[in-house]
Structure formats: C-alpha cells, structure tokens
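Residue numbers (this note's numbering), protein chains in the order written: chain L, 1 to 205; chain B, 1 to 205.
Quick caveat, the hints were computed from the structure, so don't treat them as lab data. Bear in mind that the values here come from a model prediction, so they are computed numbers and not experimental data. Hints are supplied without guarantee of correctness; some may be wrong.
[Stated by the list, open to error] Computed from the model, here is a short list of chain L residues facing chain B with C-beta under 7 Å:
1. Met155
2. Ser158
3. Ala159
4. Lys162
5. Leu174
6. Pro175
7. Leu177
8. Glu180
9. Asp182
10. Gly183
11. Val184
12. Leu187
13. Gly191
Beta carbons: idealized from backbone N, C-alpha and C, even for Gly.
Each chain, written out:
There are 2 protein chains.
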Amino acid sequence: MAEKDTVREQIIEAAKKRFSHFGYAKTTMAEVAADCSMSPGNLYRFFPGKLDIAEAIASAAHEEHLKELRKLIQAPGKSGRDRLRDFFFEELRHTYHMLEKNPRIHEMASVIACERPQYSNWMLANERKILVEIFDEAERRGEFRTHDKEFTAEMFQSATMKFHYPQLWSKLTLPKLERELDGVLKLLVDGLYAQAAHHNAGQAA
Amino acid sequence: MAEKDTVREQIIEAAKKRFSHFGYAKTTMAEVAADCSMSPGNLYRFFPGKLDIAEAIASAAHEEHLKELRKLIQAPGKSGRDRLRDFFFEELRHTYHMLEKNPRIHEMASVIACERPQYSNWMLANERKILVEIFDEAERRGEFRTHDKEFTAEMFQSATMKFHYPQLWSKLTLPKLERELDGVLKLLVDGLYAQAAHHNAGQAA
DNA sequence: AGATTGAACGATTTGTTGAACGTTCAGAAA
DNA sequence: TTTCTGAACGTTCAACAAATCGTTCAATCT
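Hey, can you work out the whole structure from these sequences and the hints?
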C-alpha cells in the first residue's frame, strides 16, 4: 500500500508538471501515463478520473496554504486584530502571487470550481476553522466576544470575497488591493470590537 | 432634434423587447430595424453600434435604480444605519429579482461588462455618490464621522460585492443572502460608529 | 491469483465550410 | 441637401465530419 502511495505521488507530480506547462485541458491522460511509464488505463487504478488528479494537486496546495495560515496566527502575544490582518493579507498575497506566477492555475481552479461546486465550499470551511480559532483566542484574551463565531467567520469571508479571488472581478494591482483590504478589515474589526463593547455594556446593565 | 430622440426611444423599445425575449446575441440589427420599419443601416444614424443600444437600455434601468435608491434614503429622521441598510437591501433585492425575472438580462450585463469595462465602474461611482450623501447626512446628525467618505464608500462596495452580483458567485436563495448581508452590514456599520467614537476620543484628548 | 495493457467505446473537441451577422457607404428618395 | 436604403465587406457563427480524448474492460503478463 506504501507502494501505491508512491505511484500516486509520481502521477501527481507528472500531472502537475503537464498541467502547469500546457494547461489542464491540453494535457491528456495518455501523456501523464507515458511520463510515468505506464498505460493510460493503469492511471484509473490510482485515481477515479482526470479531475481527481487535479483535485489532489489542489488539495496538497490547499493543505500547504492552511499550514502557512496557522503558522502566521500562532505567534503568541498577537492581538486579534493583527491575527485577522495577517490571515487575510496572507490569503490575498498567496492567491495573487500564485495566479500571477502561473495563469494556468486559474484554469485548473475554474474547472474544479465548475465541476465540483462543493469543493470550494470545503476549502472555505477549512479556512473558517482557523478564523474561529482566532476569535476563540481573542475572546480568551478578553479583546472581543462574538456570540456566533462560525457565523461571524462567514461574514468575514463574505466581505472579503473580492480579495479571495482577486483577478476574477477586478484587474487591480496588488498594492491597490492591499489598500482596499486594509480599509475593509479596519471597518470589520472595529465592528467586532464595537459589538463586544455593546455586549459588555448590556451585560453590565 | 426632438424627432431624433423619439426615434431613439422607438429603437430602444424595440431592442428591449427583442433582447429580453430572445437574448442579446440572438437578435439581429435587421430585426430591430424591421420592428422600427427602417433599414439596418439607418440604425447607425442613431446609435454607433449594437452594443450602444444595450448600453442605453442599461443606462435607463440604472437611472431608475438610482432614483429608487435616492427616494429610499431621503425619508427624514432616519438613522445612518437604517439608510445604509435600506440602500444595500434595495441593491440586493433589485438585482436579485431582475435576474430571477429575466435571466436574459444577465447576458446583456455580461456583454457590456466584458466589452465596456469602464461602464460597471461608472455605475458603481454613481451609487457611491449616494453613499457619500448618506455619510454626509449622518455626520450632520452627529451619528458618525468618516474622514474620507469616498474611500469609505468604496470599502462598503468592496465588502458587499457578493450581494451586488448575487447569482454570479453563489446560488444562495434571497433569504440566505439577506441574512448574510445583514450580518456583514452590522459589522461594517458598527465599525463606522466605533471609528467615529475613537476619532472623537482622539479629538477630546 | 493480481497487476497491467492497449484496443475499443461513446463523448467531446477540432477543423472546415457556408451561411448569417454587424457595419459601411455609394447611391436612391425626399 | 438631407434622409434613408440595401447591397457589399470582412468577421463571426453554426453545422457537420473527422480526429482526439477520457474511460472501460477483455486479454495478457507476472
């Protein structure tokens, strides 16, 4: 079974090279198989289909991204505001640089988003877990309290959609996007602190 | 010249019927011309091209929409929070119902957005003027003060993008969208009031 | 037996050709 | 002259054919 995983990795590596060089649509299963010195049919012992290879590549990148996000926010002594800022700026810069470095990735993302609509939601949900952790920690430090953290995380994701898929709805440069994200986050986080203050006042009364 | 405007209106009406019945791509200039009892060539004395007819239709609808927005916020004695709520809810419901009632409109909007990238920006800028008016009025009433109203309006637009083009990036139902918009607006507006309080405290110190 | 192949299948894409489209403009009509 | 027409222009679209692709599976190899 360890053998099987090695072959899976080999296939993923070969496909990743082809996909990013020539694009998802332009690479054939036969080519990927040849790169791995096997027949096209044999690929299907390791993956249900072509799209699942792309999904495996995306999932690996997503795990890396989550790891990076978790690393950023785990520095002790950081305020909730700073953690949220770091989180969303990493998000923006990560996808921006990824798509700038290799536009082919956009094709892969589009295909997956179109054929597997739940997949994007799954990624968003994973990132929301980290947001909830940030809210938990901020509450523990007495910075602000949110009565429904999962919902608040969803609101933050809604409000920062434009920065999550930056080149999908605007051709703004990174500095302009960062300036906008900064402004939006400032309002949102001020909102959090304000709601907490209001809530505390309500409790006190 | 009044005659010319009448003909323009006639063309716009004929095109509007065709576009919403059969779609933008599927209606030909010859058909619109025939509906107006004129030759295809004659259309070009009134509009530079097919796309400009679509733009004229869109502009008329946009003007109607702006009028509706201005009417909503001009009720005296309303708080800034309520005005902002009414503004963005009207925005959401307006586009949602429009696209639900007639999906062909989405085709027209896509074509214009694709071929005339500045046009969307122009519409956003018009709506921003109304937002700035809301901020002005709120400042006059001493509710909150924003040091750069144009920028703040842009931030509100950024954060509510998802609700401006609802069926473009999610297939959520209107109630779910309204619940989300409510949550986002609550955070944003709390943020405004908080920034104002902070600003006042800074001035007082 | 299990692992692998590669020809075969239906679906999708590509290439091509002819029709249809948006647009123009020389000339007819007013 | 000014207003309007409709044939003509290059481009885009639609439909059909051929080729190619993702996927399957009976046959082959280990």
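For each hint, the structure was consulted:
no.: 1; hint: Met155; result: 4 Å, holds
no.: 2; hint: Ser158; result: 5 Å, holds
no.: 3; hint: Ala159; result: 4 Å, holds
no.: 4; hint: Lys162; result: 5 Å, holds
no.: 5; hint: Leu174; result: 15 Å, violated
no.: 6; hint: Pro175; result: 15 Å, violated
no.: 7; hint: Leu177; result: 9 Å, violated
no.: 8; hint: Glu180; result: 5 Å, holds
no.: 9; hint: Asp182; result: 9 Å, violated
no.: 10; hint: Gly183; result: 4 Å, holds
no.: 11; hint: Val184; result: 5 Å, holds
no.: 12; hint: Leu187; result: 4 Å, holds
no.: 13; hint: Gly191; result: 4 Å, holds
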